[in-house]
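Keeping their order, the protein sequence lines are chains A and B.
Using the numbering used here, the letters of the first sequence correspond one by one to residues 266 to 351.
Using the numbering used here, the letters of the second sequence correspond one by one to residues 12 to 424.
These are computed hints drawn from the structure, not numbers from a lab.
Fair warning: there could be bad hints in the mix.
List of simulated lysine-lysine pairs, DSS-like, C-alpha gap at most 30 Å [stated by the list, open to error]: (1) B:K360 <-> B:K225; (2) B:K73 <-> B:K360; (3) B:K36 <-> B:K225; (4) B:K36 <-> A:K267; (5) B:K360 <-> B:K276; (6) A:K316 <-> A:K276; (7) B:K36 <-> A:K316; (8) A:K267 <-> A:K342; (9) A:K267 <-> B:K360.
The following residues of chain B were derived to be distant from chain A, with all beta-carbon distances above 10 Å [stated by the list, open to error]: (10) N118; (11) D133; (12) E144; (13) G172; (14) T259; (15) S287; (16) Y309; (17) H312; (18) T317; (19) D319; (20) G346.
Since the structure is predicted, the reported quantities are computational estimates derived from the model, not experimental observations.
Just so it is clear, CB atoms sit at the ideal spot from N, CA and C, and this is done for glycine as well.
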Amino acid sequence: MKLMDCPIHGKRPISEFLYGGEIRESPDPDTCTDGAWADYVFSRNSVPGIKREWWCHVPSTTWFVAERDTGAGDVLKTYLYGSPAS
Amino acid sequence: MPWRLLRYAMNPAHPDGRMFSRPEKLRNRYDVVIIGGGGHGLAAAYYLAREHGIRNVCVLEKGYIGGGNTGRNTTIIRSNYITPEGVRFYDESVRLWQDLSEDFDLNLFYATRGHYTLAHSDSAMRTMRLRAEINKHYGIASEVVDREILRRELPMMDLSGGGHAPVLGALYHAPGAIARHDAVAWGYARGADRRGVEIHQQTEVLGLAVRSGKIHAVQTSRGTIETDSVLCAVAGATPRILAMLGLTSPVCVHPLQAMVSEPVKPWLDPIVVSGSLHVYVSQSARGELVLGASLDPYELHSTRSTLDFAEGLSAHILDLFPFLSQIRIVRQWAGMADMTPDFSPIMGKTPIGGFYLDAGWGTWGFKATPVAGKTMAHTIATGREHPLAAGFSLERFRNFALTGEKGAAAVGH
Ligand SMILES: Cc1cc2nc3c(=O)[nH]c(=O)nc-3n(C[C@H](O)[C@H](O)[C@H](O)COP(=O)(O)OP(=O)(O)OC[C@H]3O[C@@H](n4cnc5c(N)ncnc54)[C@H](O)[C@@H]3O)c2cc1C
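Full structure from sequences and hints, please.
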């Protein structure tokens, strides 16, 4: 079974985690163009590579950041958002 | 019989010959270059040659034809979708499937089996009623059936859903069918080849050149080709090809897994799907149970299989058919599904002149192979979008005008 390292609870089965997608900067909805907003809402960068992603440990509702290689599937690093590791 | 078979196998001069020729060289220029030798790319090539007389076409496939999702799917064909755009489009596909074996002179083992989508809650029953009404409005056989009918038609099913997911009723779709997926790729390939299309396997597209906003050349692992028209039909590799052009799209790649059991005597004629239990099952002509579930829940560009999947799916299938507990699973695999946020495909023109997209087929594109090929060929040949594909343009995401198919496509088939 694949394990993921929750920054609070340590290694847990991957089935306990929820994928929240790549971490992306939101443009300011009040000032950006409609096109830029549509792009933010819908477009995704689904080219394989190392990505910073949101993940949640569901039983404890701990949201954190994982650096993951979406080509090989390996999780390289996990840490809490804003922690020194980031 | 065994002796004849053995003689046949040992004979170097096979009477059947090859399905399609193997062109030695890439030419410098083609009228249309198709990236991806899956069912969609090959079908587009076939209809370009057959219906539009455009024969100076090549299909570039980085592996072997049908080796992508075309040869990995669970072959379910149906048209009981929920949007008018989807229902009309997939219905046309079901119509095209009827004559395909004859068109190809190749047995696709197309088998109309009937298709049940089980409802385990009141809200699911409401969705089934809505789908039935929309389907009937467009002339498609689709009806809600109750537990009594299910008890009669599927006597081996546990209507209590393992005690925790009681079945309240189902949407029944009589035209639901299965077919032999690799034969679909070969049939289109042979038909296109006979009409002059070149199929180049083991030829990977590595780059695309644009000149004043228009496609100009394709760089491949075997040299560069000039062309004015490129169709990208690469399913799970779509974001990689789009990145070569600096284009973005909502396509997100997730693995979709499936598995089959050992062959058993025929006992299951229709296809059975449960949205809440996230399972679907049909029995192939060989007697294997073909089992599928929903997507792996995170982005991944790999066709690895997981034990979690096999365990979870087995548990859920036993909720419906507990007598299968002694049946062995013999194979498991995955494909890379090109998912869109509204569960509808992305077809047609793009901001780059001459660059056409046939993508976003996610977990549901096998059934659309004929109609997608036909409508894409029309768009490439005439420069106009096909009316049947009007709801599927890339533009819709700019205009916030989605074609929401989730209610009918969320369980991967
Ligand atoms: C497990 C599973 C079950 C499914 N079940 C169903 C079902 O029951 N019913 C249904 O309707 N649909 C189903 N689908 C979806 C369906 O299989 C696909 O939507 C459909 O086959 C897509 O066909 P395609 O021709 O677009 O893509 P593919 O068959 O994937 O073909 C794309 C081809 O492009 C090639 N390629 C990629 N990159 C390059 C490059 N750079 N250069 C050259 N070639 C390249 C690949 O090698 C591949 O052969 C399922 C999918 C999976 C994975």
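- Message: Check the structure against each numbered hint from earlier and tell me which ones fail, lowest number first.
- Response: Result: hints 4, 5, 7, 9, 14, 16, 17, 18, 19 break, sorted rising.
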